[in-house]
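Asks: Now for the letters of each chain:
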Amino acid sequence: MFIKGLTMTTDSSFARTLFLATIPLALFSLALSGCEKSPTTGQIAAGELAVRIGASAPLTGPQAHLGKDNENGTRMAIEDANTKGIVIGGRKVHFELISEDDQADPKTATIVAQKLVDNKVSGVIGHMNSGTSIPASKIYNDSSIVQISPSATAVNYTAQGFKTTFRVMANDAQQGRVLGEYAAKNLAAKNIAVIDDRTAYGQGLADEFIKAAKANGAQIVAHEYTNDKAMDFTAVLTVVKGKKPDLLFYGGMVPQAAPMAKQLKALALNLKFMTGDGGFTPEFITLAGDAAEGVYATLPGVTLDKMPGGKEFEKRFVAKYGAIQLYAPYCYDAVNIMIAAMQKAGSVEPTKYLPVLAGISYEGVTAKIQFDEKGDLKGGAITMYQVKGGKWQPLETLGAIAPAAH
Amino acid sequence: MEILLQQIINGLVQGSVYALVALGYTMVYGILGLINFAHGEVVMIGAMLALSSLTTLLGMGIPPVLALLLSIVLAMLGCMALGYSIERIAYRPLRHAPRLAPLITAIGVSIVLQNLAMMIWGREYHSFPQLIASHPHTFGGAIINDIQAIIFILALAIMAGLMVVVHRTRLGRAMRAVAENQHAAQLMGVDINRVISITFMLGSALAAIAGLMVSANYGLAHYYMGFLLGLKAFTAAVLGGIGNLRGAMLGGLLLGLIESLGAGYIGDFTGGFLGSNYQDVFAFFVLIAVLVFRPSGLLGERLAERA
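As given, the protein sequences belong to chains A and B, one line each in that order.
Note that my numbering numbers the first sequence so that position 404 is 404, with each residue one more than the last.
Note that my numbering numbers the second sequence so that position 96 is 96, with each residue one more than the last.
Check the hints yourself; a few may be wrong.
Claimed, not checked - Partial selection, computed: residues in chain B whose CB lies under 8 Å from chain A:
{"no.": "1", "residue": "Tyr125"}
{"no.": "2", "residue": "Ser134"}
{"no.": "3", "residue": "Ser260"}
{"no.": "4", "residue": "Ser276"}
As the list claims (entries may be wrong) - Some chain A residues well away from chain B (every beta-carbon gap over 12 Å; in silico):
{"no.": "5", "residue": "Gly47"}
{"no.": "6", "residue": "Glu48"}
{"no.": "7", "residue": "Ala50"}
{"no.": "8", "residue": "Pro62"}
{"no.": "9", "residue": "Lys138"}
{"no.": "10", "residue": "Gln160"}
{"no.": "11", "residue": "Lys185"}
{"no.": "12", "residue": "Asp197"}
{"no.": "13", "residue": "Gln343"}
{"no.": "14", "residue": "Ser347"}
{"no.": "15", "residue": "Gly379"}
{"no.": "16", "residue": "Thr397"}
No lab work stands behind these hints: they were computed from the structure.
Computed from a predicted model, the values in this text were never measured in an experiment.
Backbone N, C-alpha and C fix where the C-beta goes; we use that ideal spot for every residue, glycine too.
The task is simple: from the sequences and hints, build the whole structure.
Replies: Here is the structure:
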C-alpha cells in the first residue's frame, strides 16, 4: 500500500513531464562523456602552429580503465611538450590531443580511424588492442598518417607491409618466446595447459607461447578458449583440471585473468599460473586477492626504475592521475618519440617526418627505442614478474639490448 | 566421473544466477509484454550499491555479517526505487505506444544506466570484499565452496518464495489477472498501475540479490558486468518460455548446465574439431532447436491459449 501515495498522480501531463525529464538526463550524460573527446586544454597563441595528435583506446566497456590510462599517458606527454614550448621548423608549436573511444571493437576502430584522418591529425597514438590497431592501420596507411601503437603486440600489426605502422612495445613473437621458454626451462613445466580469449592479442600470444614451450620440450595437454567479456571460467578450468597440467598459461587481459586466478584456487588446481602483459596491472592483485600470490606475468620493456627518467615520470603521473594501470608509460614514450622525429625533420607533415622516425634512436621511460625495418621495436627487452607478498616483483629481464643504466 | 559432477555443479551455480535474473525479464514480459533490456543494468547497479554500502558500513566499524545483511537490504531498496522509477519515467508514458517504442526506450535506459554507473563508480574494476571465508567442500571428487552453495540454495529459496507470492497471495492473484487481461482486471477493481510498479520492484529486488551473488562469487564489480549477464538471462527466459515463471527458472538452470557441459565435452565429442570457444554457439544451437519445436519456449504457453 505504500506505493499508493506515489501513484496518485496518474494524469498524463505529469507522466509526460517526467518522461521529458529523462531527456536532459540523457543529454547530460552524453555531454559529460563528450567532454573527454574535446581537444586538450590551452589556448593557441598568435603565430603558433596547431598540431593535432590523434589517440584511440577503449574508453568504455570492460577495458575502459586501461584505455583511460592510455589516454592519460598520451595527454601528459602532450601537455609536457606544450609547457616546454617545442619549436618545429622555426615555428612554435601547440599540440592538441584528439582522443577517440574505439570500444576495443575492430569495427568501431575503423570508424574512429576515419574520423581522426578527417580531423587531419599529424599522427596517431594507438590503438590499445591488437584487434583494433590492425584494421585501423590500413586507414592510416592509405592517408599516409604515422601510427604508433603503445601496446598492440600482435605480430600481424607490423607485418602488413605498411610504412606508417610502428609500435613501442615488443611483439607477441618476442614476448611469447620469452614466456614459453621461461615456463618450460626455468619453471621446468612438462605438461602445460593454455587458455586464450580469441582476440588478436590473446590468440597471437598463446600461439607464440605454445611454439616456444613445445620447442623447449614441454607438452601442451589442453588448449581451451574464452572471450574478453566472460567472468566465469569454471567449466574450462574443470576441463583443464582433468588433464592434470603443472602450468596454465592465459593469453588475454586482466578482467579475465584475475577472476581466473581466483577460480583456479576455488577449484583446487595446484599449478603455476602465467600470463602476458595484459594481466600485469596492480588491479590483478586487488581483484584476485590471495589467489594472485605466485602468479607470473611479463611486461615488455624494463622496469621504470632502471630507466633514466622512469622514476620521475612515475611520480608525476601518479600525482596527476593516480596509479599507473598498464600502458601509460608506453603512450608517453610514443608521443615523445613522434615529437622528437618531427623536431628532427623540422616538419609536422607525416610524409616528411616518417623517414626520420624510422631511423630514430630515442631514450624513453620504458626502453631505448629504435625501430627495425618493419616498425617493430629493435631488441625488445622483456621483464618477467611474479606476485610476491601482494606486489609484482621483477624476477629478471630477458632478451634484447640492455638499457643504458644511469 | 568427478569431472562430470564438477561440471554439473559449475552449471547449476551459474544457472541459478541466470534464473534469478531471468525471473525479472519474464515477470515484466508476462505482465506488460515488454522486454525490459535495462534489467541487466539493474543487476549491475545492485552489485555496485551493495559494494558501496558494504565498504561504507565496514569503514564505520560494523561487524562483517551485519554489514553484509544491511548492504543486501540497502541494495534491494535502492534497486526497487530504481525499478519503480524506470517503469514510471520511461515505460508508463509509452504503455499504449506501438511495441517498438518501449523496446527502443529499454535499450536507451540501459545505456543511460551504464553511463551513469561509469560516472559514479568509475571505469576501474572494484574488488568485492571477501566476507564469507570460502571453505571448499568435496563431493565425490568435485568441489563446491561456501559461496557457491549459498548462491544455489538462496536462489532456490527465493524462487520458491516468489512462486508462493504469485500463486498464494492477493497480490499474486492481481499480478496473474493483469497478465491475463489488463482491461478485465481493471474492470474488476485491480489497480493495474500499482501491480505493474510492484512487479518491477520485485524483479529489481531479485536483480539486486543476483548482482550481489555475482560480485561475491567472482570477487569483483564493474559498470559493464550487467550487459553479458542480462543477455544470457534473457536467453534463459526465452529458452524456458518467456512470461512463465517456472520456465525462467528451468531455462536459467538449463542454460547454465548446457554452457558448462558444452564447454567441458564439446571438444571430446568432436575429437578436438570444435573447442570450448564454441560454448556460446552450442548454447544458442540448443536455443534454436528448442524454438523450432516449441516456438514459445519449453514451458511457454502458446499464444492461441492466451487469446
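Asks: Hints first: check each against the structure and report whether it holds.
Replies: The hints, checked one at a time:
1. The criterion of a C-beta within 8 Å of any C-beta in chain A is met by B/Tyr125, whose closest approach is roughly 6 Å, and the hint holds.
2. At about 7 Å, the closest approach between the beta carbon of B/Ser134 and any beta carbon in chain A falls short of 8 Å, and the interface hint on this residue holds.
3. Taking 8 Å as the C-beta cut-off, the interface hint given for B/Ser260 holds, the closest approach to chain A being about 4 Å.
4. Against a cut-off of 8 Å between C-beta atoms, the interface hint on B/Ser276 holds, since the closest Cβ of chain A lies about 5 Å away.
5. Annotated as non-interface, A/Gly47 keeps its C-beta farther than 12 Å from every C-beta of chain B; the closest such distance is 39 Å.
6. For A/Glu48, the requirement that its beta carbon stay farther than 12 Å from each beta carbon of chain B is met, with the minimum near 33 Å.
7. For A/Ala50, the shortest C-beta to C-beta distance to chain B comes to about 29 Å, beyond the 12 Å cut-off, and the non-interface label holds.
8. Here A/Pro62 does not stay apart from chain B, with its beta-carbon only about 5 Å from theirs, under the 12 Å limit.
9. Distance check on A/Lys138: its Cβ is at least 26 Å (rounded) from any Cβ of chain B, clearing the 12 Å threshold; non-interface status holds.
10. Listed as a non-interface residue, A/Gln160 keeps its Cβ farther than 12 Å from every Cβ of chain B; the least gap is roughly 25 Å.
11. For A/Lys185, the shortest C-beta to C-beta distance to chain B comes to about 28 Å, beyond the 12 Å cut-off, and the non-interface label holds.
12. In this structure A/Asp197 is not separated from chain B by more than 12 Å, as the shortest Cβ-Cβ distance comes to only about 9 Å.
13. Even its closest Cβ contact with chain B, about 34 Å, leaves A/Gln343 beyond 12 Å, as expected for a residue assigned away from the interface.
14. No beta-carbon of chain B comes within 12 Å of the beta-carbon of A/Ser347; the shortest separation is about 37 Å.
15. No Cβ of chain B approaches the Cβ of A/Gly379 within 12 Å, the least distance being about 33 Å, so the stated non-interface status holds.
16. Every CB of chain B lies more than 12 Å from the CB of A/Thr397, the least distance being 28 Å, so the non-interface label holds.
Going through the hint list in order, the structure does not satisfy hints 8 and 12.
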